[in-house]
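K.L.:
Mind docking chain B on chain A? Use the hints.
Residue numbers (this note's numbering), protein chains in the order written: chain A, 1 to 59; chain B, 60 to 608.
Calculated from the structure, these hints are not laboratory results.
There could be a bad hint or two in this list.
[Said to hold, decoys possible] List of simulated lysine-lysine pairs, DSS-like, C-alpha gap at most 27 angstroms:
1. B:217 with B:190
2. B:418 with A:24
3. B:418 with A:15
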Amino acid sequence: MTDHDLDQSYTALSKALARVGEDKAALFLATLSLALLTRETDAATVLPLIDQAERLALS
Amino acid sequence: MPLPSSSQPASLPVLIAGGGPVGLTLAALLAEQGVASLVVEADEGYCNGSRAICMSRRSQEILGWVGADRPLVKKGLSWVGGRSYFRNSEVLHFLMPSEPSERFAPMVNIQQYYVEQYAHEAMQRRADLCKVLWSTKVIAVRQNAEGVEVDVDMVGGKRETLRAAWLVACDGGRSTVREQLGLQLQGMQYDGRYVIVDIEQETRREVERLAWFDPPSNPGSTILMHRQPDNVWRIDYQIRDNEDPAEAVKPENVLPRVQSHLEMIGETAPWKPLWISIYNAKCLTLNSYRHGRVLFAGDAAHLVPIFGVRGLNSGLDDAANLAWKLAFVLQGRADDALLDSYSVERVHATRENLAYGAKSTEFMAPPNFGFKLMREAALRLAKEDEHVRSLVNPRQSMPIRYVGSPLNIPAQDDAFASGAQAGDTAPEAAMETIDGCGHLTQYFGRDFIALYFSEHASLPEPLVQLPVTAIRIARDGHADSKTLIDRIGQAWQRYDAHEGTLYLIRPDGYVLGRWRKPDWRDVAAVLAPYHANLDPLVINQRALTTETR
Chain A
1 MTDHDLDQSY TALSKALARV GEDKAALFLA TLSLALLTRE TDAATVLPLI DQAERLALS
Chain B
60 MPLPSSSQPA SLPVLIAGGG PVGLTLAALL AEQGVASLVV EADEGYCNGS RAICMSRRSQ
120 EILGWVGADR PLVKKGLSWV GGRSYFRNSE VLHFLMPSEP SERFAPMVNI QQYYVEQYAH
180 EAMQRRADLC KVLWSTKVIA VRQNAEGVEV DVDMVGGKRE TLRAAWLVAC DGGRSTVREQ
240 LGLQLQGMQY DGRYVIVDIE QETRREVERL AWFDPPSNPG STILMHRQPD NVWRIDYQIR
300 DNEDPAEAVK PENVLPRVQS HLEMIGETAP WKPLWISIYN AKCLTLNSYR HGRVLFAGDA
360 AHLVPIFGVR GLNSGLDDAA NLAWKLAFVL QGRADDALLD SYSVERVHAT RENLAYGAKS
420 TEFMAPPNFG FKLMREAALR LAKEDEHVRS LVNPRQSMPI RYVGSPLNIP AQDDAFASGA
480 QAGDTAPEAA METIDGCGHL TQYFGRDFIA LYFSEHASLP EPLVQLPVTA IRIARDGHAD
540 SKTLIDRIGQ AWQRYDAHEG TLYLIRPDGY VLGRWRKPDW RDVAAVLAPY HANLDPLVIN
600 QRALTTETR
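Isolated chain B (complex conformation):
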């Protein structure tokens, strides 16, 4: 469905309010599914200042579905661990799971404006299907059973009405769409305030997450530092409970504290400030992310604490979950009730992320006397007693299991001892492909995939007939257009595979269900709700390819 060429299309398939990283990525993901969209963004261009920095492995995979992973990894700074200090001593050194055969590092640091740029460039590669209208501000939203009408103010002050079948609100923490629908985020906020400072300074330090509790440079405070590209340090420090936030962000109050800390840690190169702002941790969400024909994603849907870096990372996972579902509904492949599962799954994920974020915040910005006292004890003990160190661990971002999702198929899950069950992300594995060394996750992100573990030379005929892209995972032999070779054994091990094991993977890389001995009629029935009007042969003829990415 191509994008209409006039500036006032009769009706768009999808209108996206908000051209931040989530909105831009969603448009690019929809384009990968062949669905047209229009993004409207109030600002003139990409964001400035210091916003999201840490991109998780899953976010890198999602950006990979639109070819944005390569520039991200090239520009960004990878890291695998971090250190925490109490006063003058190191009390924790943690490492995230990582190995040389992995496709992506556990975390990459990069400024949010680069993420927006790369997502926008992905959109521009599909300019036939998607574009951004900058300096275009949402004023009003109306919907009925057939579609949505959005009044916007465009460049030059002209007001127009855009019509779409679906509206996705990706317009951030102060979402206009949310306000227009009369919806409010529910939850709580923490009182502890952190000043954020970006500075430019060269360093020889390794890239790690760094945290100081009660450092001599800033007694009683907590300080976090993250390295970013272009010689930028991001520094977060907590202000005292009785400090006035408006005073706290003034350069004369910020720069000496920064200088004191840089001296303490031995960073003596010349430096200059780039950005100063202030925040407090929030645990807020809508109770539903679907309201008729209006869907919510990213900060428009939820605000999570910064500690544990689940903000933008969960926003991108919202987009990943939504894009294929919206596409399937627009293409008549699935009933629009599928969009209710977007809300069920991502609200669940938000609640899990908020719980983790709250845990991290309770340590980083203790909200009351009890947490403060216990943290004093934990930090003192941590240096001598390894048992308490996990309390100091920041609990970094991870994809969430969709427990209780209506889409999960129990299938033959009980027959497995390990591996990923329905509602888990499908595990990564290093594979031999026809293009050389690769990874399983390179094949996810667009279609339903059937992973069939077998030593036999070809796929079973009933599987070939199903409306799914089938991939044989063999232990040895030669890779071809339908076969990957698990030479080092990671896939068979991580999927707890026996001969004939089948996993169905959703377009967002999550497991739909798994079988030890698939009954092909059951498998066909499981796939049926997603292929209501499609010729099965069209789908399963698609060869394995990652060339478009």
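Isolated chain A (complex conformation):
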């Protein structure tokens, strides 16, 4: 992804999160994660990302 597209996506995501609000944030992110995850070709790519996110969330 180009820096420009990354920027555009990151901003859209930040704004959508603000609109859904804290109460619905977890559900929103879970829905989005699932949509993005299914676009990966196999579990081998996804499982390490889940581990990484878990580790970073708890650090």
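P.N.:
Below, chain B without anything else, positioned relative to chain A:
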């Protein structure tokens, strides 16, 4: 047109309200064009405190047009990159494009009062054409079809009325001229507040932009540091959402936080505070920078967020865009509609700068829950995942392409695969000149320039007849008064040049249009609106010289 000698001239060509860096530079640029101006400034002298610090490459070029680049580069501190930290780890190290053959570093740090001093010294070298009246405050502004009247209070309290053909408002964020015309900046402000502190402390650290997110020294805060000359550190830190700004700037609340951070980063030399103030990021602009005979530049026209350092840098680019246009109109060379293009181009540039500034601010001072949460994720991932690092990048100041400008000439742009198109700044290149090693940008900043890329020994006769200063860019041979040698090939490459390629460059260093195979009548027609009353031979006899700079 010399400056009238009495203190109450019948009518000035240009009156500049505001003697800050933009107003002073504008006066010096007008003088380079042979146009007289008077600057009125309410304060007694240069600014004090901590204001603009980071001067971009383009700003250094612009100051170079009035000979102010040399003292700036000598005094200032150059830097090429920066580091960002999250908690205890470095998550980003960025470098701006830079190479040894370059004329200027990407960024130079220097206090704003030095910039004002050097711009003022440039004015003093043209004392026949421009001067500053200090301690002179604008009280009222009136205009009609013929000119502008400005009431001012002078030293000793005397009130006078100054008359000018044109008034340029360079009087800053709280512009009196703007208020007098009943105009308001439009846009928004961010809530996040940053305390600014200048301290004096010696260091051995390299000069870089430094940023800390949630550092152990100040948990939950964001801290920026910039080195300045005279052993000064500029420190910016964000205060908590629920902190009272009036309390936050008190030394007893500021100095311990500074001390804590200096200890954390290992800066242990003795230090003392010089300045404390507070700001919040703003995205504000007028919708037009021309209102009849009154023009707006710098903070009087727009306020941009501090992140990305586009404030003073865009103000100087306003002055660069305006000076030649105002001169050409006053000299009868162009119709005054040319000044409308100043507003079109610079309002466009401001909107681009605001968009970049907003992006940077969304990261440096996240405005809501969504941006805050995403930043937490980005900072954690950045250490391990290079793909997210560009989000942490501060997006530094760059000159803006004038997309859709009425001045852009499509010409034969489609025939080029790369290089600068109409509305872009003309690329820099290291060149061999009759004075030795030099750079292309040294020849910009006063006249229209025709860059003609050719291996043939002389310029085509039709080009020589045109009202433009023509320069041949050769690949080899010897430099002379009309020829530069592109020995290391940067120019031919950066301009995507073939034999016979022509670029027309505006006095502000922007590309007007480019041709692969110029039809000289088309080129003459393109130049015609800028030379309504001038003898073409007078212009194209001017030899290449950078000696006056």
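K.L.:
Give a verdict on every hint.
P.N.:
Structure-based check of each hint:
1. Under the criterion of a C-alpha separation no larger than 27 angstroms, the hint pairing residue 217 (chain B) with residue 190 (chain B) is consistent with the structure, at around 19 angstroms.
2. Of the pairs offered as hints, the one joining residue 418 (chain B) and residue 24 (chain A) holds, with about 25 angstroms between alpha carbons and a cut-off of 27 angstroms not exceeded.
3. Between residue 418 (chain B) and residue 15 (chain A) the CA atoms are separated by roughly 12 angstroms; this keeps the pair inside 27 angstroms, and the hint holds.
Taken one by one, the earlier hints all hold for this structure without exception.
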